[in-house]
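Enquirer: Here the sequence shown is numbered in the working numbering, starting from 19 and rising by one per residue.
What the hints contain is simulated information worked out from the structure, not anything from laboratory work.
Please note that the accuracy of each hint is not assured.
[Stated by the list, open to error] Distance condition first, Cα-Cα at most 30 Å in a straight line; then the derived BS3-like pairs of lysine-lysine: (1) K749 with K565; (2) K275 with K393; (3) K1050 with K795; (4) K996 with K833; (5) K713 with K761.
[Unchecked claim] Derived Cβ-Cβ restraints for the label pairs, each shown as a range: (6) A570 with E1004: 39 to 45 Å; (7) D280 with H111: 48 to 54 Å; (8) D941 with K761: 35 to 41 Å; (9) P368 with G865: 54 to 60 Å; (10) W95 with R598: 30 to 36 Å.
Source: prediction; values computed, not measured.
We treat Cβ as the ideally placed atom computed from N, Cα and C, and that holds for glycine.
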Amino acid sequence: MNLAKLFYTSPEAVGLRRLPVRATLYPFDSVEAARAVRKESSPFVLDLDGSWAFRYLTDPAALDETVADPALDDSGWERAEVPGCWVMHGYDHPHYTNVQMPFAEMPPEVPAGNPTGVYRRTFTLPEAWAARRNVLHFDGAESCFLAFVNGQLVGGSKDSRGATEFDLTGIAHAGENQLTVVVIKWSDGTFLEDQDHWYLPGLSRSVYLYSTPQAHIADLFAKSTLKEDLTTGLLDLELFYGVPELKAADALEISAKLYAPDGSAAWEGLVRSAKVEGMFGNGSDPARLACRSVVELPDVAPWSAEAPNLYTLAVAITDESGRCVDATSTRIGFRRYEVRRREFLVNGQPVRICGMNRHDHHDTLGKAVPYETMKLDLVTMKRFNVNAVRTCHYPNAPEFYDLCDELGFYVVDEANIEHHAFYNDLCRNPQWTAAFADRAARLVERDKNHACVYAWSLGNESGLGANQAAMAGYIRFRDDSRLLHYEGAVSGQWVDCVPNRAVTDFICPMYPSIEMLVRWSENNRDDRPLVMCEFNHAMGNSNGSLKDYFEAFDRYPGLQGGFIWEWIDHGIRKETPDGRAYWAYGGDFGDTPNDANFCTDGIVWPDRTPHPGLYEFKALAQPVGITLLDAASGRIELFNRRWFTGLDDLALDWVLEADGRRAGGGTEPVPATAPRSRTYLTLPVERPETMPGEKLVLRVSLKLKNACAWAEAGHEVAFGAFELPALSVAKPLPAEPLPTGVKKLADRAELLAGVLTAQVNASGITAMSFGGAELLKRGPRLNLWRAATDNDGIKLQLEESRTGWRKALHVWTEKGYDRFRAVPDEFAALGDAVELRSMVSCPGIDGIELEFTQLLRPLPAGAVEVLSTFVVPPEFDDLPRLGLTLELPPEFANVEYFGLGPLENYIDRDAAVWPGLFRTTVDEMYVPYIMPQENGNRTRVEFAAFRPGEGAGLLVTAPGGMEFSASRYSVDQLWRAKHTCDLTPESVIYLNIDLRQRGVGTGSCGPDTREAYRIAPGRYQFSILLAGLPEKADAAKLARSLVN
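Build the full structure now, drawing on both the sequences and the hints.
Expert: This is the structure:
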């Protein structure tokens, strides 16, 4: 097949014999039938998804003409599901790269070894369709394909995510027909699809055939906007239709009928009459005639993400007798998108974009994402207060936009273009202009009727050149109802100057620091709004400082939100030989070159389980702000952050707890509250008498009254939590002091506090027991190191990236924080205490040491105080943590603590948590990030208790507060592991007690952890109390009594 090579390495050849791209429309035989809109409801659609015969070749050179021969016997071939990606089913292998190309060839050449898949099946064309116009439709194939019907080439295409259609008139016949599709992995189009994701070739989206009459509706653009009064709808209806010959058009009428969201008729009229001149652009091509109608509709129900009101537009061609010849339909929403005075306005309101970047991904199906999974993504997003999606970095499947229209999302619809590896080359090369323009047209023409799309994106990370200008020219001429978005126009030059206006209506940088955003807002006079196309990189244990970004949005003009990078971890499910499942990443399939685990950078796991970071996002993006105005009276303020709807869909619950004990609660009606307004109510809170140190926490929750399209009744959309001052404090009887003592032996000491005993040597406590029951195996020992997070640095690429983008992990490992050594320097009994001193060195810091001192003192309350002093010299700047590690018996797995919870939290990620008494287990505290790393932390903790199933436990209290985590995996094991399946539970529980741990930040691709969340040099003191916890004892009461 010499044609194949010529086609797949010629960027000028964007397609072969394709029909003009059009909106997603399906044929019906009446207006009433067309109201169903869906493909599944059309009697003229033949679904070709399912099982196909499949043959895998390592090179398209192995193809010959017989591969498309209808007489070829393919009964012995393998079977493949369509939609599907052959590399997900044992042929070839997945390949992941970020910026670099997966092969060394220069564009437009591709490797000689070019995996190829041949798909074959038959289909039966109904007898009644034989005289009709029949069209073969592909929703997408990666990266290049040729289609044959009955042995005849019908066409080909190269846009992996673009819809393609071929006219089968004169080729397909009534009865059985044979369809062959040749899909080639690498093509010149691959250079435009260098998009930081897996290369997964195949027929990854649906294939179907549809049939129309010879006189048919070819395309429909229903431009549905709002006039400036924001109540009058403007329907600008442009329709293309085809007829067998030009004179046949004279006998046809084209009418339209609009149905309101409740199903009632909203308008009907003629678009084209045989008696009235209304046509434009008629040429000699009878297959593409055009007509237009513009209608004003008073008092329409506007569409927004909050109130996604959709109308159904049905269009029909009728003949002279009034018979419906052809009908089709689409759903539309009346909305107004514009930019004015540094604000992006939706229906006149400067909505905040609380968005997600979303790649197509499924952990076992790859790019062949089922409808149910798309819906799960969007329903989950709605439940977590996401209101916008950027389709990074290509158009999604058509049904995805249907869901966005229905559920309510603002969408940046992105053209299938990223040539990151040749950043400023292809965009300025006229050989590639046709490919750029084609992908822009295919994006806009397919999705032009979707209300959700507010901006067309010219692609991602592809420089700036004449080819983007060509795209922008086409789009601006074709659709003036939406805006343009392109990050490449602002890359690297947006803070202090005014970037190119021709190709973007937004300042849309990626990964700016908060300081950069503030500087732009205060100093730059650009009148466009700033919406970050990517920010707060969600890789691993991440999403630090998200609250600081939201505070900047609130405070600084022009900052209107952005899109988190990104929605889903792109892990691919694999199993170890013994059947343990894990998620694989770049390099795990022998794919070279690769970019390791940089594809596992989502805010949900591949199975759609939310990361803790998504809860943080939900709390910050919640549609109602809740403020406690007066603790004594229980008066609160509700601020409706919505732009278009009130709070009548919500109910308010509240609960008051005293150290986890319910002390009050109830349900209150939510007053009528207009959008962007405040209301006030008083909760009947009666504060009980409390014990010294006991904490009162009021939690207020706003929940859905009724079920909706994306959540059940009772789903929480917003919360607020507040510590209340004690009204009165009970005076407990003083406890009887317990005997204490320090017994100094030759090279060790024994501490006694009642029935609590501790054995100590120069390295610290070597054992602790309570009434003979073991509490502690070892510790508390100094700990400065953590298993690096992905934001600290990509550990699998550590060496190769040392001279490039330097991160904290590079500095840490060069200084040797991961190999710190504490050498005991002093061990002394001081009467009622034991003092230990160690000098701490790191191999990369010559001659400078950190001083660590511990004073261990038994207390009459039955506890041992551990007072740690850290003297951190400037050379030890930016430590990962400053704390202690203890080793507990493995059965001490039941955890109870008072602090921020119930989720994992860090000093720069704590908006989704609240103070309270929480109960969990060591196993539940583990957070299984795909790359093992630091996890499970809790902050602002006052005490933590660890118990076995039965018997005494260990209580740790911190008078000045602490952070803690508990794990069956050591820091060292987490640091060395590459996958979750590498981890083996150890014979102890590792309890990490920190004075402070570095924030998680967002530095895997973006700014490093902010200074406020780091550990500066200086002198620090940290006090904790270790005590035995009797089996039936109340941990909170004992902890409070110890501190008091």
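Enquirer: For each hint, tell me whether it holds in the structure or not.
Expert: Results of checking the hints against the structure:
1. K749 with K565: violated (40 Å)
2. K275 with K393: holds (29 Å)
3. K1050 with K795: Roughly 23 Å separates the two Cα atoms, so the pair holds.
4. K996 with K833: Distance ~23 Å between K996 and K833 Cα, so the pair holds.
5. K713 with K761: Given pair K713, K761 is violated - Cα atoms ~38 Å apart, limit 30 Å.
6. A570 with E1004: 39 to 45 Å: With Cβ atoms ~43 Å apart, the hint holds.
7. D280 with H111: 48 to 54 Å: holds (52 Å)
8. D941 with K761: 35 to 41 Å: holds (38 Å)
9. P368 with G865: 54 to 60 Å: holds (57 Å)
10. W95 with R598: 30 to 36 Å: holds (33 Å)
Going through the hint list in order, the structure does not satisfy hints 1 and 5.
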